[in-house]
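Listed in order, the protein sequences are those of chains E and W.
Heads up, the first sequence is in the working numbering, so the first residue is 1 and it goes up one at a time.
Heads up, the second sequence is in the working numbering, so the first residue is 1 and it goes up one at a time.
No lab work stands behind these hints: they were computed from the structure.
The model shown is predicted, which means the values in this text are computed figures rather than measured ones.
Built from N, CA and C at the ideal position, the CB exists for glycine as well.
Heads up, some of the hints might be wrong.
A partial selection of chain E residues facing chain W, derived with a Cβ cut-off under 7 Å [claimed, not checked]:
no., residue
1, Ile77
2, Thr90
3, Glu91
4, Gln94
5, Arg99
6, Leu102
7, Val235
8, Glu236
9, Pro286
10, Ala290
11, Val336
12, Arg337
There are 2 protein chains.
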Amino acid sequence: MVRKKPTLVSLAEAVGVSRQTVSNVLNNPERVKAATRDRVLQAIEESGYRPSAAARQLRTRRSMDLGMRLRPAAGGISGSVLDRLLHALTEAAQDSGYRLTLYSAGDDGEEVARIEDLLHAADLDGFVLTGVHSGDPRVDWLQEHGVPFACFGRPANGPDPFAVPYPWVDVDGAAGTAAATRFLRDSGYAAVGFVGWTADSAPGEERRDGWRRAMSGYQSAGELAELQAEAEDTVEGGAGAARLLLERGAEALVCASDALALGAFAYLRSAVPGRIPAVVGFDDTPVAEAVGLSSLSPPIARAARQIIEVLSHRLSGGPEGQGPRRHLLLEPSLVVRTPRDLGRPS
Amino acid sequence: MVRKKPTLVSLAEAVGVSRQTVSNVLNNPERVKAATRDRVLQAIEESGYRPSAAARQLRTRRSMDLGMRLRPAAGGISGSVLDRLLHALTEAAQDSGYRLTLYSAGDDGEEVARIEDLLHAADLDGFVLTGVHSGDPRVDWLQEHGVPFACFGRPANGPDPFAVPYPWVDVDGAAGTAAATRFLRDSGYAAVGFVGWTADSAPGEERRDGWRRAMSGYQSAGELAELQAEAEDTVEGGAGAARLLLERGAEALVCASDALALGAFAYLRSAVPGRIPAVVGFDDTPVAEAVGLSSLSPPIARAARQIIEVLSHRLSGGPEGQGPRRHLLLEPSLVVRTPRDLGRPS
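Bound-form chain E, shown alone:
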């Protein structure tokens, strides 16, 4: 017996839902209740149904292709966060039937030119922007031309990011450092210091504010100022700041990055050999795991899903004011580790 090739209609009949519901499961899964979605997906899987991407594009006039600028490898310990976003976006895009096309550009103006080229050459459906700032030429151009886009990171150096009309998702740095500070206090350390960056930046200020918020009530403003140091975002910078704060009475440290935390960690280890260094970093980079350093892990997979959901909602003509939230701050989670024992000579 030849098995008939399944269609949207035969699948809908098999599950007992409408053809539109099956189509939504494939194209706009966020519109379908989870229970129904699971039943339809199971039926699709059992039937061997395979939607043709080309057919879908003809039907929807979408290329199902999203573009993203791949910035030069940032280097440094924290440079891997955007790479992790890229991995997560590739998977989230694919789960929703999109492809991801990469391009490079030397600056924002050049990125606009690349976006024009890609729209012309490959009819991309939308773009994922990173590093968006006030007066960003990419935002102006995309808005002017009605091209869908979503941002990783709030627009920096501008007015209230919650007031901009375009979607973004970002990591709530203040919530992260506040949680790390509370964790260290709850673990019995009274004087928790903070190591931030010398360079001004919105994420840097935010990470410091979270620490300060979690320390208010415990120390006077004057005492708090003593427990704060700033350094270049390097391992040496972290070591030097840790030395200073140790002298000033800090018992534990929350750091704005894993590079700073690694330096603080190494310094405390050699300065106070008998004691486990109480240090928390930020970004949960591979080196944090390698040396057993506690760190704040940004919810990259969740951020990537949000970006794809927002774009997918817009691209499928979903109604304004409905669909996923336009501006979303995600709390990092604290990964607590035990420092690795690298042994002493026998």
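Since the structure of chain E is already known, use the hints to place chain W on it.
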């Protein structure tokens, strides 16, 4: 005066070459002598000529789109090498007029299905494969269907990789560890040890062989066996191996990875506080730079250019037996660093 829009013909006249030469500079630059290419490129730049990718695709019937599977972030200290390849490929592809499309897949069989989908949906021109091995279903499928592809990494676990008909580029691990070993010997260390992986792997054996080759003549086989240890690819593994080899008389260490080297480095620092640890890692990861660890840097940008050149030659119908080399082993370069001083308590 309205300036006329430049064309291939007007550009050719301006430079004094044929129209075909200008076209080659844009589409098959490897066919044009460097001096001519530079003159044409300068004329193109001055004229503001901008080839339309869509027009080029219509003319050449190519999508100018290459696919690559983005594997899940490997994690660990060395996990960033494929991400660095991705950055380099994006730039190299763009320089040659290609785009790069990413996809994910759970295994090689699923990757074949994704490749089929992408050829159907987006008419990709070719693919970049990583992790190719003997009996690889992706290689079989692509060869059978005449789809161009190039590999990063030699095919593993099979017959002579130089005998396979498809192109690959890889890092010469043995040349790297041999150079590191010679460097340490030339720096005055007689007994250079090697820390490898417990797990069998072709890159692991190769890295050990390079060390052994550079040590032959200096030590007897028995003495050499004493200077070699194996460990899990972790920081603790490296620390434990360093402890063992130090006891056996090793004065300096070449390690198969930066994770191992970081552990060896930290152990030697605490075990022999007065002496700078003489350790060389492999892959030149961000953490090596952060802590001032010498390491072998794989020539990723060169590898990416080679992959794009090989694919571009094939896609432009370049003659077999000409064009870039089909199988290319690239030597890593040794990056010598001074260990960072993280300070001692005052």
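Here is what the structure says about each hint:
Interface restraint check: Ile77/E against chain W, minimum CB-CB distance 5 Å, threshold 7 Å, status holds. The beta carbon of Thr90/E comes within 5 Å of a beta carbon in chain W, closer than 7 Å, and the hint placing it at the interface holds. With a least beta-carbon distance of about 5 Å to chain W, the hint placing Glu91/E at the interface is held under the 7 Å criterion. For Gln94/E, the suggested interface contact is upheld, since its CB lies about 6 Å from the closest CB of chain W, less than 7 Å.
For Arg99/E, the interface hint holds, the least distance from its beta-carbon to any beta-carbon of chain W being 5 Å, beneath 7 Å. Taking 7 Å as the C-beta contact cut-off toward chain W, the hint placing Leu102/E at the interface holds, the least distance being around 5 Å. Here the hint on Val235/E is kept, as its CB sits about 5 Å from the closest CB of chain W, short of 7 Å. With 7 Å as the threshold, the beta carbon of Glu236/E comes within range of chain W, its nearest partner Cβ sitting at about 5 Å, so the hint holds.
The interface hint given for Pro286/E is met, as the beta carbon of that residue sits about 5 Å from the closest beta carbon of chain W, less than 7 Å. Because the smallest distance between the Cβ of Ala290/E and any Cβ of chain W comes to about 5 Å, under 7 Å, the interface hint for this residue holds. Against a cut-off of 7 Å between C-beta atoms, the interface hint on Val336/E is violated, since the closest Cβ of chain W lies about 18 Å away. Contact between Arg337/E and chain W, as hinted, is not supported at the beta carbon level, the nearest pair being about 12 Å apart and thus beyond 7 Å.
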